[in-house]
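Enquirer: Protein chains in written order, with the working numbering: chain D, 70 to 535; chain R, 18 to 295.
Just so you know, the hints here were simulated from the structure itself, not pulled from any lab data. Backbone N, C-alpha and C define an ideal beta-carbon position, used for all residues, glycine too. Wrong hints could be hidden among the right ones.
[Unchecked claim] To give an idea of the interface, some chain R residues facing chain D are shown, with a C-beta separation under 8 Å as derived from the structure:
1) Ile99
2) Ile112
3) Gly237
4) Thr269
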Amino acid sequence: MDKKTDRFTRTPMREQKPDVRKHNFDEVPCGYSEEEAVREATRCLQCKHAPCINGCPVHIKIPEFLKLIEEKKYSDAAQKIKEDNALPAVCGRVCPQEIQCELKCVLHGKGAPIAIGNLERFAADWQREHQQAPLERCAIKKNGKKVAIVGSGPSGLTVADELIRAGFEVTIFEALHVAGGVLMYGIPEFRLPKRIMQEEIHHLELLGVKIETNFVVGKTAELDDLFSDEYGFDAIYIGSGAGLPVFMGIPGENSVGVYSANEYLTRSNLMGAYKQNATTPISHGKHVVVVGGGNVAMDAARTALRLGAEHSVIIYRRSEVEMPARDEDVQHAKEEGVEFHCLCNPVAILSDAKGVVTGIRSSRMELGELDDSGRARPVAIKDSEFEIACDVVIIAIGNHPNPLIPQTAPDIDISSRGTIIVDETTGRTSKKYVYAGGDIVTGSATVILAMGAGKIAAKSMIEDLL
Amino acid sequence: MHTILKKERLNELVWRYRIAAPKIAKKRQAGQFVIVRVESDGERVPLTIADADASAGWIELIVQAVGHTTTKMSQLNEGDVILDLMGPLGHPTEIKKYGRCLCIGGGVGVAALYSIASALKAAENEVTTIVGARNQNLLLLETELEKVSDRLLIATDDGSKGQHGFVSDVFKKLQAQGEHFDFAIIVGPVMMMKVTSDLTVAAGIKTLVSLNPIMIDGTGMCGGCRVCVNNEIKFACVDGPEFDASGVDWDTVMQRLNAYHDVEKKHQCKLNGLPHDG
Ligand SMILES: Cc1cc2nc3c(=O)[nH]c(=O)nc-3n(C[C@H](O)[C@H](O)[C@H](O)COP(=O)(O)OP(=O)(O)OC[C@H]3O[C@@H](n4cnc5c(N)ncnc54)[C@H](O)[C@@H]3O)c2cc1C
Ligand SMILES: Cc1cc2nc3c(=O)[nH]c(=O)nc-3n(C[C@H](O)[C@H](O)[C@H](O)COP(=O)(O)OP(=O)(O)OC[C@H]3O[C@@H](n4cnc5c(N)ncnc54)[C@H](O)[C@@H]3O)c2cc1C
Ligand code: SF4
Ligand code: SF4
Ligand code: FES
């Protein structure tokens, strides 16, 4: 490589063209070829102090795995990542890299930071496509302890991965009929192919993790039942996520055609409503308005286009700078034709005599003083209300913690926000031998933070039980 | 494996299934439901647990074929396996000694009614049950209800059995006779629950209704089952399905149930299924 000219330029990843991809559910970025991956990895300066590692919540040994890619040892690169992260194919795709690892890369500012996420994805995909899953199972020595994991999202899967390798007998209990949590029912196929999740989960099963779907902890069995002789578990990890959708509390919100993003995305992803022959109904709105500015909102707006909407509009109450969604997803949404109305806040959803949605009324906002979160508080501008005609409204303004465990386990301390309180450094809850992490503890956050919390809890579970 | 142990046709559109489900049988209490899926990529539909035997490890469901999934389910036979069965969900009915109880129901709502009436009876209440149907042939669980009620009153729209008219008419008659009740539970078609609970609430009776909005996950995740109670949004799957009737906003309950009416009708044709019942 001609280092002088290429050092600062990122190797772009090929993508489906916007006008093609907005009509299909196939993945948008196509992945690196080996040649592209090596070229990008070679840009890395192999910094001694590697600031990039501090940007990653699970401290992946970034320069080391980049070096292995440069040396074309792709499988070794994947193994190196897996020492710290059980789901690299997922994180490579969905981490907000621009505010984590890539933000800290020394090349940032002088040129483009190394495409760490893209390369992580490349290594994981390469290993999955070229190699049988390594069967480490026989090598694991059992320690005789049994652990139950509640919820099969990234947090629960991480704990399962760590503990099965440490010799525990591990069972994951999942309420829904498939494992994977938000990665299966929330994040759409065009961003994270479900096949990848299923293979990752299958890999855990090969290692010996048992997964019981359709099992609602708190209902099918309570936490204390799991400790009883009937089930015989020695410890429990709760990774039940942030499920409960928040609504705005404005008039018209119960009209027909108003969805929470969770419902809309679940109907599409989990129930396969996007497939031609699926039986799950979904409103194929022609004019869809999505309220919110996070990943969830982007996913809903882009799914709407793929389900045939002519217009897909995002209404967000702050300005684009404050949007919490990943940059790449905002970019992709724009390219696909999603319209953005920033600094707008809905005040009412309009409906016809039968209660079917016909539009949404919003006021325009301006940014005022900083609020508790350090972001400028949006304030309504007087007499600025306007209407947008639409037949579907999707609310994507956030999720509260899943209420099932708090409802059924009164002996676990819960915060006023409904999250489970844990000791952050150990993942321990107020109940002995019960641990928790992920969105149920932090409120809606990210995949990698949920995984990081899982690792911390797994470590203290090993300490406490062995 | 949730194997169908027994299938029995109760009327033209309604079947009773006994299904192996030991864990659910052990935990379930009156008023709770399960979510069922019978085909891959299919819908998840909520069904009340009508009865259960913890030691034998089965539950009973009563299913009315109204649309795609319930019709598919009605085509399953003894020995077949239910693909997915999850539960028991929802808060159980608060069972205690109320005194004189009214259990009012119609349609497949009697599935829930039967389990609740048995529990109230076991808690030493005096149970008056009123059930309604369009005609005599559509009455469900008459013998079973008879057994767990101190008295069973029947109303049919066409007068083919019991009182000619609706369950609300039967209640009015009891009221006219000067009868008092301490507690009422009403389960059935939305219109029936609205009209009847308006009467019982006005009569000062503490009244619960079991709402049956469209559900998907049943874990509080999707918000599809939201209902407006006392001007607050509640999720029927985790906050209900029973609510105090005095606070229920019936208009939105009815509105939201019709959300998928048109789409469902299309599926129904594709299936060549049974005619839509009401
Ligand atoms: C649409 C959408 C897009 C997102 N995009 C991104 C992104 O691009 N990047 C990113 O980093 N993050 C993203 N997030 C956030 C991220 O998905 C979550 O932070 C993460 O999944 C949390 O993981 P978790 O393991 O804590 O919980 P979850 O993934 O929520 O999994 C919890 C699981 O527990 C199950 N469960 C709940 N209660 C029980 C019970 N009582 N018994 C049994 N099982 C139970 C649930 O069914 C679920 O499967 C997105 C979220 C959504 C909704
Ligand atoms: C807590 C609860 C308990 C229930 N218990 C029973 C039971 O014990 N036995 C039983 O037969 N049914 C019960 N239901 C209703 C049952 O879930 C619906 O009939 C079923 O979901 C319809 O699915 P489908 O695919 O066959 O019909 P679809 O094709 O989905 O719909 C057919 C028609 O039914 C309407 N519909 C859809 N969902 C519902 C619903 N939840 N309630 C009323 N109408 C609906 C649709 O608008 C459409 O007009 C219960 C519902 C709830 C929420
Ligand atoms: S896991 Fe996420 S933050 Fe960590 S290196 Fe990979 S992409 Fe970056
Ligand atoms: S900071 Fe950037 S250049 Fe330095 S080691 Fe990390 S990825 Fe490579
Ligand atoms: S069914 Fe989804 S929240 Fe109740």
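Enquirer: Decide, hint by hint, whether the structure agrees.
Expert: Taking the hints in turn, this is what the structure says about them:
1. Ile99: 10 Å, violated
2. Ile112: Since the shortest Cβ distance to chain D is 18 Å, the answer is violated.
3. Gly237: At about 5 Å, which falls below the 8 Å cut-off, the nearest Cβ of chain D leaves the hint on Gly237 of chain R intact, so it holds.
4. Thr269: 4 Å, holds
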